[in-house]
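Peer 1: The opening residue of the sequence shown carries number 958 in my numbering; numbering runs sequentially from there.
What the hints contain is simulated information worked out from the structure, not anything from laboratory work.
All C-beta atoms in this analysis are idealised placements derived from N, C-alpha and C, irrespective of residue type, glycine included.
Each hint should be verified, as a subset may be incorrect.
What the hints assert, rightly or not - For each label pair, taking beta carbons as the anchor points, the in silico distance ranges come out as:
id : residue 1 : residue 2 : range
1  : SER965    : PRO1023   : 42 to 52 Å
2  : ALA966    : LEU1019   : 38 to 48 Å
3  : LYS974    : TRP1033   : 39 to 49 Å
4  : LYS1020   : LEU964    : 22 to 32 Å
5  : THR963    : PRO1023   : 39 to 49 Å
6  : LYS1020   : LYS967    : 44 to 54 Å
7  : LEU964    : LYS987    : 32 to 42 Å
8  : LEU1019   : LYS967    : 39 to 49 Å
9  : LYS974    : HIS1027   : 34 to 44 Å
Unchecked claim - List of simulated lysine-lysine pairs, DSS-like, C-alpha gap at most 27 Å:
id : residue 1 : residue 2
10 : LYS983    : LYS1020
11 : LYS981    : LYS996
12 : LYS981    : LYS1020
13 : LYS987    : LYS1001
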Amino acid sequence: MAELSTLSAKHQVTLPKHVREDIKAKAGDKIAFVKTDDKWAILKIPSNPVEALRHLGRKAGLKGTPKEIHEEMESWEE
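Taking the hints into account, I'd like the entire structure generated from these sequences.
Peer 2: Given below as structure tokens:
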């Protein structure tokens, strides 16, 4: 699915409603533009980076306390 926006004379872009809702962006949020290879991605910067890392860990399937996760990750290097 593609969403389009037009660059204004002031070089500003409005995020389409569907995109704003999908990334849960609201006024005042920081948005990052990240280039990987020949493509660009937009990312909402979390207001609480620690909570963002916890969320990513849960998405990756990590379970346990930070100490338990750290010990498990150290075993990966053996």
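Peer 1: Against this structure, judge whether each hint is valid.
Peer 2: Now the hints, each set against the structure:
no. : hint                           : in the structure
1   : SER965 <-> PRO1023: 42 to 52 Å : holds, 44 Å
2   : ALA966 <-> LEU1019: 38 to 48 Å : holds, 46 Å
3   : LYS974 <-> TRP1033: 39 to 49 Å : holds, 42 Å
4   : LYS1020 <-> LEU964: 22 to 32 Å : violated, 44 Å
5   : THR963 <-> PRO1023: 39 to 49 Å : holds, 45 Å
6   : LYS1020 <-> LYS967: 44 to 54 Å : holds, 47 Å
7   : LEU964 <-> LYS987: 32 to 42 Å  : violated, 20 Å
8   : LEU1019 <-> LYS967: 39 to 49 Å : holds, 43 Å
9   : LYS974 <-> HIS1027: 34 to 44 Å : holds, 41 Å
10  : LYS983 <-> LYS1020             : violated, 30 Å
11  : LYS981 <-> LYS996              : holds, 22 Å
12  : LYS981 <-> LYS1020             : holds, 25 Å
13  : LYS987 <-> LYS1001             : holds, 6 Å
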